[in-house]
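Model the placement of chain B with the ligands on the given structure of chain A, informed by the hints.
Residue numbers (our numbering), protein chains in the order written: chain A, 1 to 268; chain B, 1 to 248.
Source of the hints: derived by calculation from the structure; they are not laboratory data.
In this text, all values refer to a predicted model and were calculated from it rather than measured experimentally.
You may find that some hints are simply not true.
[As the list claims (entries may be wrong)] In silico BS3-like links for lysine-lysine, alpha-carbon gap of 30 Å or less:
{"no.": "1", "chain 1": "A", "residue 1": "Lys30", "chain 2": "A", "residue 2": "Lys61"}
{"no.": "2", "chain 1": "A", "residue 1": "Lys110", "chain 2": "B", "residue 2": "Lys80"}
{"no.": "3", "chain 1": "B", "residue 1": "Lys80", "chain 2": "A", "residue 2": "Lys214"}
{"no.": "4", "chain 1": "A", "residue 1": "Lys122", "chain 2": "B", "residue 2": "Lys86"}
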Amino acid sequence: MSKTIIEAKDVVKRFGKITAVDGISFKVKKGEIFAFLGPNGAGKSTTISMLTTMLRPTSGKLMLNGHDVTKDQNSARKSFGIVFQDPAVEEELTAYENMRIHAVLYAVPKPEQSDSIEKLLKLVDLWERRDSLVRTYSGGMRRRLEIARGLMHHPKILFLDEPTLGLDTQTRNLLWDYVRKLSENEGMTIFFTTHYLDEAEAVAGKIAIIDHGKIVASGTTAQLAKKTGTKSLEDAYLQLTGSTVRDEASKGNNGLNVRSANRNSRLR
Amino acid sequence: MSVIYILWHRQMKRYIRSRSRIAGAIGQPLLFLMALGYGLGAVYEKAGEGDYLQFLVPGIIVQTLLFSGVFWGIQILFDKRFGFLKEMLVAPVSRTRILLGNALGGATISLIQALLVFGISFALGFRIDNWAMVPLAFAIMLVLSVTLTSFGAAIASMVDDFQGFQGINNFLIFPLFFLSSALYPLTDVPRVLQIISSVNPLTYSVDGLRWALLGQSHFGIGIDLAVMAVTMVACVAFAVNRFNRIQA
Ligand SMILES: Nc1ncnc2c1ncn2[C@@H]1O[C@H](COP(=O)(O)OP(=O)(O)O)[C@@H](O)[C@H]1O
Ligand SMILES: [Mg+2]
Numbered sequence: 001m002s003k004t005i006i007e008a009k010d011v012v013k014r015f016g017k018i019t020a021v022d023g024i025s026f027k028v029k030k031g032e033i034f035a036f037l038g039p040n041g042a043g044k045s046t047t048i049s050m051l052t053t054m055l056r057p058t059s060g061k062l063m064l065n066g067h068d069v070t071k072d073q074n075s076a077r078k079s080f081g082i083v084f085q086d087p088a089v090e091e092e093l094t095a096y097e098n099m100r101i102h103a104v105l106y107a108v109p110k111p112e113q114s115d116s117i118e119k120l121l122k123l124v125d126l127w128e129r130r131d132s133l134v135r136t137y138s139g140g141m142r143r144r145l146e147i148a149r150g151l152m153h154h155p156k157i158l159f160l161d162e163p164t165l166g167l168d169t170q171t172r173n174l175l176w177d178y179v180r181k182l183s184e185n186e187g188m189t190i191f192f193t194t195h196y197l198d199e200a201e202a203v204a205g206k207i208a209i210i211d212h213g214k215i216v217a218s219g220t221t222a223q224l225a226k227k228t229g230t231k232s233l234e235d236a237y238l239q240l241t242g243s244t245v246r247d248e249a250s251k252g253n254n255g256l257n258v259r260s261a262n263r264n265s266r267l268r
Numbered sequence: 001m002s003v004i005y006i007l008w009h010r011q012m013k014r015y016i017r018s019r020s021r022i023a024g025a026i027g028q029p030l031l032f033l034m035a036l037g038y039g040l041g042a043v044y045e046k047a048g049e050g051d052y053l054q055f056l057v058p059g060i061i062v063q064t065l066l067f068s069g070v071f072w073g074i075q076i077l078f079d080k081r082f083g084f085l086k087e088m089l090v091a092p093v094s095r096t097r098i099l100l101g102n103a104l105g106g107a108t109i110s111l112i113q114a115l116l117v118f119g120i121s122f123a124l125g126f127r128i129d130n131w132a133m134v135p136l137a138f139a140i141m142l143v144l145s146v147t148l149t150s151f152g153a154a155i156a157s158m159v160d161d162f163q164g165f166q167g168i169n170n171f172l173i174f175p176l177f178f179l180s181s182a183l184y185p186l187t188d189v190p191r192v193l194q195i196i197s198s199v200n201p202l203t204y205s206v207d208g209l210r211w212a213l214l215g216q217s218h219f220g221i222g223i224d225l226a227v228m229a230v231t232m233v234a235c236v237a238f239a240v241n242r243f244n245r246i247q248a
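Isolated chain A, as found in the complex (with noise of 0.2 Å):
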């Protein structure tokens, strides 16, 4: 349990003059359910694109699994499954065709692919929806599909990107519940960004908080508060992110994101 299977060491990224990501270096243990926070634009999502090989970092060591990330991309891609920000399904096929692709993708033995496609469907509530297009799907459906699809492998560690954002507390709760078994279970890393602060202190084993591309602190939520010398893990988040709002650099998630802003407003 101690070993440790995700690594930043003094990872950067600059896109022109932004500095998204500012030599952050941080490790996640193997079976650890890890909560990446911090505000709108502080980096989360550049770090997840970088860990997940689909950005190279400007400069710094990623490791994955044991496996250098930038120089061996393809063996580390076999180390992870990940649920987007923004999303990222075929909407001219149906949710049952993303399915079946995405068991192709990831190897899921033929055997066993029908099984799994429909036990996650009827998970996430999709089931009787599973051949329309996915284009007719409201956003909240797609997200849903977009969880079922990650769920479907199951890979060494799994990155979700804001996975609840827009979701109704039922769905929140049964992935939550899900991704807790996969854990507990499997032993599978989980490493995720959420805006609702309940969700990481209920889940998190460890919380990273970025803030401008650096992390301002790390550790458990009893840490946290001690360290900030406040009573809950919302409180510590706002003495260290301060309390003004952020804009989304997100791109086309149907202002889903403009929800998010709200919260962070309503949280002062």
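Structure of chain B with the ligands alone, referenced to chain A:
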């Protein structure tokens, strides 16, 4: 193999589900065929060059493959914009296979469109010289469809937006087409045009297809086939190289 198949299949499903695209994509070559074939045919014949429609059909088939093949690259931009590219790129599958599955889908689509244009050209009065050479003509179309979709995929991998793609497209596609001997025989054109056309790889595809369908060739079928093979390998390598570098 099954990864390549499922990605190919996805392209085909998309294609079949949007029938308006099929009509749109063959409309332009058919317009060329009718306007030029019938419109300029009389002038061409008066100049003693024979039947212009006959001459034009191989060129228009190549045009269909060129436009629909390269234009298919925009699919990669759509996948970038709508996020599905990420889903494919983080999968534990080599990017070469991801590209291959998708691009073979694109190649199949442009081949279908070329065959539709080919079929319709018979209704317009096109006649084949030697039926024994038709399999060769199909092989040339196949090679060309792979070459051109790869080319489109390479360009799409390098640009970030639709405008950029359109810009490069117009800057490359129209010159490639107009300077390829698709519309006029190379024997009678000014020397400059002859030289430009002979460094355009597409010229050799048009020439080879014309040989297979009509028995006429400017360079000789051996040279045509050699240039086509080299061009295909170069375009596929170019696409693999660019696709491997995509950051999304
Ligand atoms: N592709 C990109 N090009 C330029 N800037 C980017 C790009 N992606 C992210 N950024 C910038 O990097 C910063 C961090 O963004 P992001 O990682 O998405 O934040 P978070 O996920 O924490 O909300 C933001 O300022 C954003 O504008
Ligand atoms: Mg983000």
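Indices of hints not satisfied (ascending): Those not satisfied: there are none.
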